[in-house]
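Visitor: Sequences and hints are given; from them, build the entire structure.
2 protein chains.
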Amino acid sequence: MKPLIYEDCQAMDRQDPLCVLKDMFQLPQGLVYLDGNSLGALPKTAQSRVTQAIQHEWGNELIRSWNTSGWFELPRKVGDKIAQLIGAYPGEVVATDTTSINLFKVLAAALSIAASDSPTKKKIVSERSNFPTDLYIAQAICKERGYELVLFDLQEQALDSVLLEDVAVLMLTHVNYRTGAMHDMRAVSALAHDQGILTIWDLAHSAGAVPVDLHSDKADFAVGCGYKYLNGGPGAPAFVWAHPKHVGRFWQPLAGWWGHERPFDFSPDYIPSPSIVRFQCGTQPILSLVALECGVDVFLAAQELGGMYALRKKSLALTELFMRLVDERLSPYGISIVTPRKPDERGSQVSLIAKEGAYEIVQALIARGVLGDYRAGDGGKYPDILRFGFTPLYLGFSDVWEAVDQLHKVMQTEEWRDPRFAHKNAVT
Amino acid sequence: MKPLIYEDCQAMDRQDPLCVLKDMFQLPQGLVYLDGNSLGALPKTAQSRVTQAIQHEWGNELIRSWNTSGWFELPRKVGDKIAQLIGAYPGEVVATDTTSINLFKVLAAALSIAASDSPTKKKIVSERSNFPTDLYIAQAICKERGYELVLFDLQEQALDSVLLEDVAVLMLTHVNYRTGAMHDMRAVSALAHDQGILTIWDLAHSAGAVPVDLHSDKADFAVGCGYKYLNGGPGAPAFVWAHPKHVGRFWQPLAGWWGHERPFDFSPDYIPSPSIVRFQCGTQPILSLVALECGVDVFLAAQELGGMYALRKKSLALTELFMRLVDERLSPYGISIVTPRKPDERGSQVSLIAKEGAYEIVQALIARGVLGDYRAGDGGKYPDILRFGFTPLYLGFSDVWEAVDQLHKVMQTEEWRDPRFAHKNAVT
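These protein sequences, in sequence, are chains C and R.
The numbering of the first sequence is UniProt numbering, which starts it at 1 and goes up by one.
The numbering of the second sequence is UniProt numbering, which starts it at 1 and goes up by one.
Hints are computed from structural coordinates only; laboratory data are not their basis.
Keep in mind that a hint or two might mislead.
What the hints assert, rightly or not - Calculated cross-link-like contacts (lysine-lysine; reagent style DSS-like; alpha-carbon spacing at most 27 Å):
1) R:Lys123 / R:Lys245
2) R:Lys313 / R:Lys44
3) C:Lys218 / C:Lys342
4) C:Lys409 / C:Lys355
5) R:Lys218 / R:Lys245
6) R:Lys122 / C:Lys122
7) C:Lys143 / R:Lys123
8) C:Lys143 / R:Lys122
9) C:Lys2 / C:Lys342
10) R:Lys22 / R:Lys44
11) R:Lys143 / C:Lys143
12) C:Lys143 / R:Lys245
13) R:Lys143 / C:Lys122
14) C:Lys123 / R:Lys143
15) C:Lys44 / C:Lys313
16) C:Lys245 / R:Lys143
17) C:Lys44 / R:Lys44
18) R:Lys2 / R:Lys342
Note that the structure is predicted; figures quoted are calculated from it, not measured.
Guide: What follows is the structure, encoded as structure tokens:
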């Protein structure tokens, strides 16, 4: 196969029907942004929408906006839009709180259901390489309720060897934050359900990145993030979904008034809403929530161009191109790929490892205008990685070329050894 | 005493050294806004600060802003500023999540401490008329941990009759959301501590409304709201404080990665921060958080004019004027005052009851440009109330006159009986 050249990538861009979507974002000139898996780019509509929320809704309408500007319904309205991206129905999702907090809610609800149906099940299973906050929340709830958290590593164990009959809940992140490896939700759900195990999916790296079909794939609960692929802005509210068959069975302990069946009765007794609204707790940050809606609206606008399936096709083409170019141009420098090669097994990111200097290489690359990030290797258990997210909404094939080309320069010149890149202070 | 006239109120405004603070807010022309106890008004700095956060920090700096724009430290930075208003020290407060969720955290921590120190204490005591979300959260945690929630009514029982030796935690809202009645934090703390009971204070209606001195008054834990008197914008993050002697003793169950001692180690084991940071959980809504900082900054600017003590003096003068005018002009129409007359016993709001039509009267008043709100009477247990918040930052004495004058017209004309005011759809 003839090595690719820049002109090949330009040709791919010319043939890309989704390239028009980039115009919906405000991106800094001269930056190749490969960190949309950590903080999505700014949708052009967000500024005017937030300004309207500040000036008109807050400034002029003041308290009346809870009704007249639809603030009170906003978590459900944005939830309904997110539902379209994850195979859920209207009324099944709310955009609220943080991913960690939503995980606590669904884990508490799932354990209550498991305790009622199968009281001998006393374990939660998750992946050793899951995003730490998921593991911390699970540890905390295990401590509260007397469960045991069992962590497995797919490198060492097959999933079915840990999905034993004493397991109540399997809690996985659909796409791994480090490697970009993606679980087969349908197959895993079937395996879990065979043992009477409920499944919780963290969609932080899949909502807006890959097509998700919670109902078809028989998920039980899901949570996800608003500020990564959904482009909702820094710290945008997260979302939560529960299968309708589970929603009404148990209420979750964050039983705030926004989850009450009739919050404005001001009754002293908590009566949970019969719907997903019971997963709401307190008053939500409206300015951040209206920005999130702008991010989600980009996906709805993309539906005319084929929606999540067209985006997925482009995402796979981008990540495949990146991997091919890394193989061709960077393997001589000891850079290798840890993300699965098979399309069905990866999300929308590619992670690399270097023989040495992962952190410094990322910093040197950022100095050259290519923004990826670094993730520490958890005390040697996993390698340090260079992480690159490929958001098909605003990235083109020439951007991929540029990223690899700059990384090639960083390695060729060994400029990453410059002391100015040495300080360790990475943030998600 | 000669009845007051409008000119008297104008004279009071001319003598008010704090009247300049009104210029720091953007208020709609022709509106008397008496609902700052529910949603504070818009500080003029908020728009440009949020725009900067959107355009420069999110749009241009993107993920780098977690470091370069100080996003990651923002909950602590804003917390340090709030600390100045509530008698806490730097490093003791974080601005994060919602009041309900923060209450869950401190209640969980307090119960863990109580369970360790005095395992036979199995009750949480609160007020029957506390804001419902506080009671719901307490109900949920009682269910989780096998505690009993005991509700008292100060109309029927003295506090010391319920603070018995089997009580672990006393959880009160400092200023009542319905009546505006304020507890004596120091006296109540002493009474509680005599029985080995920990105290949790919800400062939703006191932070920014009255001087609070958590250390002097020997509080154990506190939470509060960002969007009421702190003027942080709709759904602004809340805050949480724990006395330093309690912070390190037990971690709370919302053990997300933002509360970890070293979040960017990505270790699978949760090690809580030794400080109040352990009360952080997940990634915070930055756009809402920067707006909150603008609201809090108004108070810091007011420090030159005497700070919370000067604001309190004016607040008492405003509420006293309101009560006097209500007595003089509205008692013939069956309007009476439920808020305590003694200054030490009320916050910064005055609540009224009407013989009939409380909801409709509020709506008719709003139609006349005076924005207060209505709170339902909890199924007849308490009367329906007309609620008026007096924010000394942006209200003057003429505004108080105008409010009573318009209410007088509503009552005199009986226009509140017009069917257009009849629909019940009140929001906090």
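Visitor: Next, verify each hint and record whether it holds.
Guide: Hint check:
| no. | hint | verdict |
| --- | --- | --- |
| 1 | R:Lys123 / R:Lys245 | holds, 22 Å |
| 2 | R:Lys313 / R:Lys44 | holds, 24 Å |
| 3 | C:Lys218 / C:Lys342 | holds, 23 Å |
| 4 | C:Lys409 / C:Lys355 | holds, 16 Å |
| 5 | R:Lys218 / R:Lys245 | holds, 11 Å |
| 6 | R:Lys122 / C:Lys122 | holds, 26 Å |
| 7 | C:Lys143 / R:Lys123 | holds, 21 Å |
| 8 | C:Lys143 / R:Lys122 | holds, 19 Å |
| 9 | C:Lys2 / C:Lys342 | holds, 21 Å |
| 10 | R:Lys22 / R:Lys44 | holds, 10 Å |
| 11 | R:Lys143 / C:Lys143 | holds, 16 Å |
| 12 | C:Lys143 / R:Lys245 | holds, 23 Å |
| 13 | R:Lys143 / C:Lys122 | holds, 19 Å |
| 14 | C:Lys123 / R:Lys143 | holds, 21 Å |
| 15 | C:Lys44 / C:Lys313 | holds, 24 Å |
| 16 | C:Lys245 / R:Lys143 | holds, 23 Å |
| 17 | C:Lys44 / R:Lys44 | holds, 24 Å |
| 18 | R:Lys2 / R:Lys342 | holds, 21 Å |
Of the numbered hints stated above, none is contradicted by the structure.
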